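Residue numbers (my numbering), protein chains in the order written: chain A, 1 to 199; chain B, 1 to 199.
Do not rely on the hints blindly, as some may be mistaken.
Identical chains blur together in the list; that is why a pair holds if it fits in one copy or across any two.
[Said to hold, decoys possible] Listed below are the simulated DSS-like cross-link pairs for lysine-lysine, each with C-alpha atoms no more than 27 angstroms apart in a straight line:
| no. | residue 1 | residue 2 |
| --- | --- | --- |
| 1 | Lys137 | Lys14 |
| 2 | Lys137 | Lys16 |
| 3 | Lys152 | Lys137 |
| 4 | Lys14 | Lys152 |
| 5 | Lys16 | Lys152 |
These are computed hints drawn from the structure, not numbers from a lab.
All values derive from a computational prediction rather than experimental measurement.
Number of protein chains: 2
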Amino acid sequence: MTDRNARHQQSMQKLKTHVDGRVAAATEQRGLLMVFTGNGKGKTTAAWGTVTRALGYGYRVGVVQFIKGLWECGERERLAEDANLEVAVMATGFTWETQNRDSDIAACQNVWREAERMLADPGVYLVVLDELTYMLKFGYLDFATLEQALAKRPAEQTVIVTGRNAHRDLLAMADTVTEMQEIRHAFNDGLQARRGIDY
Amino acid sequence: MTDRNARHQQSMQKLKTHVDGRVAAATEQRGLLMVFTGNGKGKTTAAWGTVTRALGYGYRVGVVQFIKGLWECGERERLAEDANLEVAVMATGFTWETQNRDSDIAACQNVWREAERMLADPGVYLVVLDELTYMLKFGYLDFATLEQALAKRPAEQTVIVTGRNAHRDLLAMADTVTEMQEIRHAFNDGLQARRGIDY
Numbered sequence: 001m002t003d004r005n006a007r008h009q010q011s012m013q014k015l016k017t018h019v020d021g022r023v024a025a026a027t028e029q030r031g032l033l034m035v036f037t038g039n040g041k042g043k044t045t046a047a048w049g050t051v052t053r054a055l056g057y058g059y060r061v062g063v064v065q066f067i068k069g070l071w072e073c074g075e076r077e078r079l080a081e082d083a084n085l086e087v088a089v090m091a092t093g094f095t096w097e098t099q100n101r102d103s104d105i106a107a108c109q110n111v112w113r114e115a116e117r118m119l120a121d122p123g124v125y126l127v128v129l130d131e132l133t134y135m136l137k138f139g140y141l142d143f144a145t146l147e148q149a150l151a152k153r154p155a156e157q158t159v160i161v162t163g164r165n166a167h168r169d170l171l172a173m174a175d176t177v178t179e180m181q182e183i184r185h186a187f188n189d190g191l192q193a194r195r196g197i198d199y
Numbered sequence: 001m002t003d004r005n006a007r008h009q010q011s012m013q014k015l016k017t018h019v020d021g022r023v024a025a026a027t028e029q030r031g032l033l034m035v036f037t038g039n040g041k042g043k044t045t046a047a048w049g050t051v052t053r054a055l056g057y058g059y060r061v062g063v064v065q066f067i068k069g070l071w072e073c074g075e076r077e078r079l080a081e082d083a084n085l086e087v088a089v090m091a092t093g094f095t096w097e098t099q100n101r102d103s104d105i106a107a108c109q110n111v112w113r114e115a116e117r118m119l120a121d122p123g124v125y126l127v128v129l130d131e132l133t134y135m136l137k138f139g140y141l142d143f144a145t146l147e148q149a150l151a152k153r154p155a156e157q158t159v160i161v162t163g164r165n166a167h168r169d170l171l172a173m174a175d176t177v178t179e180m181q182e183i184r185h186a187f188n189d190g191l192q193a194r195r196g197i198d199y
């Protein structure tokens, strides 16, 4: 064995001891509250990646899409035939398209009822509240209402919330928070959004 | 209409003008090079979300998993029967498990050949090079080799690279870069990785 290999093995053994120790220290098991926030690409995409993952094990999944839902959406199409997936959609389009606060609020409240039902169902392993943060920011949904529904959900249920500008108290409640930071976005350089990639 | 509604409509109209202008300005169409990096959760997950999305439109997708591939993986299971998806796996496990630099390099080179084939195939719409950044960092793969394969790939092909500590020159080449920043991770608070959520 060369010196380089020996050094590599030694440093990897040290890393293994560290990793094994950390894995052993993680003993609590329950559903998680995860938030994907920030201004970069990948928040909704990571949520759908998790949906695909959970469906892969045969778990039941509920997805509630706030704001979006009018656009074509490849991931919804791909998974639509899965009996374990339920998708509820606000389907109003973006607020700058509707330009009507009252109808936005009514649509939000309607789809929120679907979310509440999923959050109360012990058979649902994963609930995605996609773009929910904007509902809080615009005042279409009370934080207290959300907090209550999250707090009393089944212990094994994981919830993912996505969207920019996540509410401070939501971040404080969360078990895992990732901020997707935009370093560069093709759209800003004049590149069109691509079918099957961006939507 | 109340004052609040009127103000809302006015500000949304302004936003719409801004958004429409930006959409109109994005005129270039080609495959993108996207990098999901950073120390937070969601890099591989966002890549798989994009895979699901592309498959939803019937595009062909190639995924090359560096490092990982021994673990159970719900998303691979869920999409495995899809004739449009090809997955190549290094399947060595983590470097701190193998502790053998020579066999790691050989495994990397083997799976890289699969990647090169996908990157040369105009029928493949999306190629994911999952955890590739570590191969560059450890010196298992030359940056020049990667750069060449990326540069001569078909114009319509999008490539996603994931992993921490992305190479500076790779970031410079990329059209879209998101840094997944860890704000909080459940694992650090003693919560176990969850089946169907974390893997």
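Consistency of the hints with the structure:
In this assembly of identical chains, the alpha carbons of Lys137 and Lys14 lie at most 27 angstroms apart only when taken from different copies (18 angstroms versus 46 angstroms within one copy). Taking the closest pair of Cα atoms, Lys137 and Lys16 come within 27 angstroms of each other only across two copies (18 angstroms); inside a single copy the shortest separation is 44 angstroms, beyond that limit. For the identical chains of this complex, Lys152 and Lys137 are intra-copy neighbours only, at 23 angstroms inside a copy versus 45 angstroms across copies, given an alpha-carbon limit of 27 angstroms. Taking the closest pair of Cα atoms, Lys14 and Lys152 never come within 27 angstroms of each other, the shortest separation being 42 angstroms inside a single copy and 40 angstroms across copies.
In this assembly of identical chains, the alpha carbons of Lys16 and Lys152 never lie at most 27 angstroms apart, being 38 angstroms within a copy and 38 angstroms across copies at closest.
In this structure, the hints that do not hold are numbers 4 and 5, in rising order.
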